[in-house]
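Visitor: Here is what each chain is made of, one letter per residue.
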Amino acid sequence: MTFEPTLVWAIVLLPLLGFVVNGVVALAAPERKIVPTIVGPAVIAISFAIALVNFFGMLRTGPETAVIVPGYTWIPSGSLQVEASLQLDQLSMLMTLIITGVGFLIHLYSVGYMHADKGYARYFAYINLFVFFMLLLVLGSSFPLMFVGWEGVGLCSYLLIGFWYTGKVNADAGKKAFIVNRIGDFGFIVAMLMIFANTGSLSFQSVFAAAPSAFTYGGAVVTAITLFLFLGATGKSAQIPLYVWLPDAMAGPTPVSALIHAATMVTAGVYMVARTGVLFALAPVSMIVVAGIGALTALFAATIGLAQYDIKKVLAYSTVSQLGYMFVGVGVGAYSAGIFHLMTHAFFKALLFLGSGAVIHAMHEALHHTHRDWDAQDMRNMGGLRRYLPITFVTMWVGTLAIAGVWPFAGFFSKDEIIWQVAARAVGPFRGWFTLYWVMALVAALLTAFYMTRLMIMTFHGKSRLPDEERHHLHEVPWVMYVPLVLLAVLSVLGGWINVPAAIGRMPVLGWVPHAEWLHHWLEPVTAAAERIQAANLPALSETAPFGGGEALWALVSFAIAVATIVIASAVISRVEYRPALESAAPAGFRRVLFRKWYVDEIYDALVVRPVIRASRWLWRWIDQGLIDGVLVNGAARLSRMVGWFGSRLQTGQINTYAFAVVLGVIFLFLFVFPRLF
Amino acid sequence: MIREILWWIFAAEAVLGALGMVLSRNPVGSLLSLVVTFFGLAAIYVLLGAFFISAIQVIVYAGAIMVLFLFVIMLLNLGHDYHADLRRGVWLVLGGLASGLIGFVLYRAVRTPSLELPSGLTSPLDELVQRQGAVGVIAAPLFRDFSVAFEVTSVLLLVAAIGAVVLAKRRV
Amino acid sequence: MLTLSLVLAAILFAIGVLGVVIRRNAIILFMCVELMLNAANLAFIALSRAVGIEGQVFVFFVISVAAAEAAVGLAIIISIFRHIETVDIKNFNLLRW
Amino acid sequence: MNVFLEHIHFAGWALHFLIWFPLVGMFGVLLAPEAVSKRLALVVTLVEFIVSIPLWPAFNPATAAFQFATTMPWIRPWGIYYRVGLDGISLFLVLLTTFIMPLTVLGSFRYITKRERTFYAMMLLLETGIVGVFVALDLFLFFMFWEVMLVPMYFIIGIWGGERRVYAAIKFFLYTTFGSLLMLVAILYMVFKFHALTGEYSFAYLDLLQVPLTYREQIWLFLAFGLAFAIKVPLFPFHTWLPDAHVEAPTPGSVILAAVLLKMGGYGFLRFLLPFFPQASTAPLLVGIVLAFGLAGIIYTAWVAAVQPDAKKLIAYTSVAHMGFVVLGIFALTVQGLQGAMIVMLSHGASTGAMFLLLGMLYERRHTREIAAFGGLAAVMPLFATVFVITALASIGLPGTSGFVGEFLSLIGTFLTHPWVALIGASGVIFAAYYMLPMVQRIWFNALDKPENQTLPDLSRREIVVLAPLVAAMIWIGVYPKPFLDATQTSIEELLTTVEQRRIAPPPMIGLDAPPAARAGRLVVARQP
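Chains as they are written, first to last, in the numbering used here: chain A, 1 to 678; chain B, 679 to 850; chain C, 851 to 947; chain D, 948 to 1476.
Excised from the complex, chain A in its bound form (with noise of 0.2 Å):
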């Protein structure tokens, strides 16, 4: 039987309409805090109810083809039909899932974080809206549609990063954010304009339809969309070159980074990739590509995260390198194992940046009650709070271990299906390029697990560096913050357990969890075209990796690198001298180069900033203002009053130069009447 769709818009409009009473509030009584406490999370929450109801019609049914939810026409031009309509099917159901379910955790998280602040209604409104972009963004049924959520996402992201507009610092980060996404966004634009000139649509069913016919395998107008797409992706998802807008996004706060930079905003370019898997699929270049980027990401962001003293640096460099993981699964073809860890990441990561904001927030009302002017965020001012935060220091052990790919944790299968798949479709032309991704997967598993147990070690364990008498400010964090920790704690577990791949489940110890490989089979409808293309051009996939040994050992390789990576790095860490950051050392030789993110910042200051503003005032002197307004424009002025100002000079005033003119005369007029006189 068909599955019924209920109520989708409303699912989508909910958060707008929390946006409008929430910005009412805001604008008019931004005091009354009843509002936007109770609107804000009740909001996202009934959005939440609705898509489960949905899911589980769905889980009932098993649509094989996506249910499209009819809105309105959007734009009818000639033979441009955009349609406003809905788009649900297992892929956007799930996303759907996620986005609603984290974000009423974090909504009612910020309800405890932000309750001291005075743009509490103004922070409910932007954040609801936000959850309304992203929606819109997932349920999207056309790339313009799409496309709103998307730079929606980023508007709600400018407006959120510098919410405390007051600091240069703040507004500095949003414009940075926004202005870098806004780059990402031209490459959608363009990839848009090249699909609909090729295909004549621009809605996902008509286009995926018309995909294998309007392009041929591997030609440059479908390599060159799918890399203005990626490029869209690299700006939304802070891959590579776009990826320096995320860690300055940390200057918003904390829950924003968990939603906006770590669980959902930031997914949007797997998702995307993910959803346009028939147009990557048919260009494999693009996929060496996409995958060869998010490799590079993965192992670049997390040298960096290694020498970061700021704790939401670290979980933003962090979030930087999962997601080149998720770039490398969705690259290589295995949109599911993609998909998967998005999933996953966006539990521990929300997670462990809830858990990062329970410290600061603990740290910020030590730090205010004595006025020491410390930055709460600095980690070298921390040590020793598994005393004082015990729920928080727990919950942010489970997310560490999800994310290190420790056994039992979500990240275990997520990473391992990645890496997995890497090396078995390192096959055909793919063989060189993907082993080395596969290699480098690897590598930054290791740093992963390094850099993670650096930070719990630096923030919990050891003795503390806080003064004593902030040391006694120091207490748990109220419920209302913990409960969504402990959820989430919760889902960084289970959340792994539903596509335990087939090879670990028959594994003795590694095997005592439910396997069922449930979300690849969840996806099949979505992602089965891109597979019977991939399927078509390539050769099957290998069973033993490019070095040997079958998936099963090299999950258990994988889960003894991260456990050893996780003893040693605590045996090495806790034994280093930390200092309170005012009084240690600035960070030297190599370090002081990944503490300074290879000055990647700087460098695109010097390659790319400084010079346009420079070209933009030199173009304004010399050529507006100089050549057309001068030359061209006041020149003619100048011109005519030069010929006035001659022809005012021939009047001497004296008569002879009169006589003189006279006499001339004459003899023109001679020369006139005897031509021949000469």
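Warning: the hint list may mix true and false statements.
[Claimed, not checked] Some chain A residues judged to face chain C by a derived CB distance under 10 Å, without partners named:
1) Gln651
2) Thr652
3) Gln654
4) Ile655
5) Asn656
6) Thr657
7) Val663
8) Val666
Hint data in this document are derived by calculation from the structure and do not stem from the laboratory.
Glycine included, each C-beta is placed from N, C-alpha and C at the ideal position.
Please arrange chains B, C and D on chain A, whose structure you already have, making use of the hints.
Guide: For chains B, C and D alone, coordinates are given in the frame of chain A:
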């Protein structure tokens, strides 16, 4: 033959007088050289058979107008200040060039074949003068054909006189 | 003789022009104009021998006009002199904008 | 509703009313005492708007023929008739004018203090001129209104402007008149050619449409007409009058200048350039140059805008960037391109009009336009900040606002015929953020450090009433542009088919230099009634 020689003498006298008038530094000196030119011209008029006109020339021009000029020069006692009012430099060159050009153009105009001038010395005018006398030959056309012009000239002279008086009268 | 007289008239006229352009004294300027007029009279007289008596009649009128013009001109010069104490036309540039 | 309109045969007098009622209002305002003139002008513009609203429902989108058309003899021997009519292209431009005018008048209540009576009279005369240009179907009438419109604008900038107002006013006037004189020559050329072929004079748009022109003639006439409209658009090299005019003009003046006057250029391209000279407007070289100028308009002015110290000058340059998209859309000669150009014109009218009103309100509060003088105002004026940010986002084309729909459509249209041009044009999206966000940040965010900024009042009720319709328009065109697109659909398709037909099979080629015998009577022209 004697007329040719006389003509050349008086022509030279006229030209030298004119040059003297233009180039002399002293206004009175230039006035007198102009008078000399007028006498030369009057003599040439006689050679050309215009006896009445030469008389008029001497009486009216040399006598009346030049005296008027002399009177004005004396009135404004300009006689002695010899500051060089000759325009130097580029104007001198330009002036010379212009006058040279005018002279050359007129000379060429005169020389053009289209003017068939009787080369002989005698002209129908001479026996007319014989018959009607020097004054009669002018009087007839003046008072018969040009009577209107004659009257207008008288009005002109009247207006000029009144104008001169009004302009030069000292505002009292 | 007749053509020679015309040539002489041309020369005298040229000298008159030279005087007008070069001299800065108003009175001398006037005299040069008179000279040019006489050059014209000479031309008339010369041609009247070939064409007819009208030439001489016309000279008669020219002389009268010259007289009138001289009178008015000198009156103007006197009134100007009374204002700016000079006849040097370099200072007569009141009309210059 | 339509029944009621038929009953009062609205179609008959509608356009006449729209054109001449402001003129009557003008005399009324001139005679009214100083205090009353303000309110009277508002009433006149409101009545004008209310009467213009039924134009939309009564407009029949199916046919491309001119609706509400009427013809009255004017100067019969020269074939000059008073012809007016409306079609898909000019419908929304007229509505934009009548929609913006009352808001501008209301917006200038507190801004204009000296000689208010003459100011409002000038505004009403301006409205007459603008509406006249959009509905005139007789080239003589069109040219007359084209010039009439310049005079009040000159006085508005010249009298109530800033310090260098005289320079700006003269520059504006000379720049536009220079262009329009060439256009006049071109019009006359066509009229005399028409006379040579048919023996009588006619300035009618439809008659001149059928005048056969050789390729060379078309090129020259295209350049003549094109220059006049390029100056008005303004297209890249001819844009330097706009920043000066905007900076020196009073707020209401620059709102009208930006919201409506710039659309004359675009309207001119659509109405006169494309149909009259199809070969010229598809000649690769000519179109290449125009598109290059359009691109320069988008990229170059965006870069120049980013470094402007004066907020109004910055917005002026952004209008040139927006109109770059219009030119791109028009010369793409595809349905999407032209419709995109129409939408950009409408959305630019709303967003830049609102932006200038906002800057005017800022000027009323702090009497300065230097961006550096502000900072952190969002803490003091939250509502003002919200409206400003929404307007800024609409002008840089955030999806969901009107800016995006227009730019997206014109980019798609341009991509179908000139892919590389569209590619470079799309980068305008980045530079839009490059010039707008720093300005927004320097005015609204950053630290609230200057003492005089700390006590600024938020939006008053009057200001909200002025801004609300504009913000509503921006959101409406962004979210539900269907009615606008449907109404312009047939007219634009008709325009494109005529251009296509006449490009391939032009009417019989008879140049003026053809022998008179060959010319006489060769052209059978269906004379307009």
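Visitor: Run every hint past the structure and note whether it holds.
Guide: Going down the list of hints, with the structure as the test:
{"no.": "1", "hint": "Gln651", "result": "holds (6 Å)"}
{"no.": "2", "hint": "Thr652", "result": "holds (7 Å)"}
{"no.": "3", "hint": "Gln654", "result": "holds (6 Å)"}
{"no.": "4", "hint": "Ile655", "result": "holds (5 Å)"}
{"no.": "5", "hint": "Asn656", "result": "holds (5 Å)"}
{"no.": "6", "hint": "Thr657", "result": "holds (9 Å)"}
{"no.": "7", "hint": "Val663", "result": "holds (6 Å)"}
{"no.": "8", "hint": "Val666", "result": "holds (9 Å)"}
Every hint, counting from the list given before, is met by this structure.
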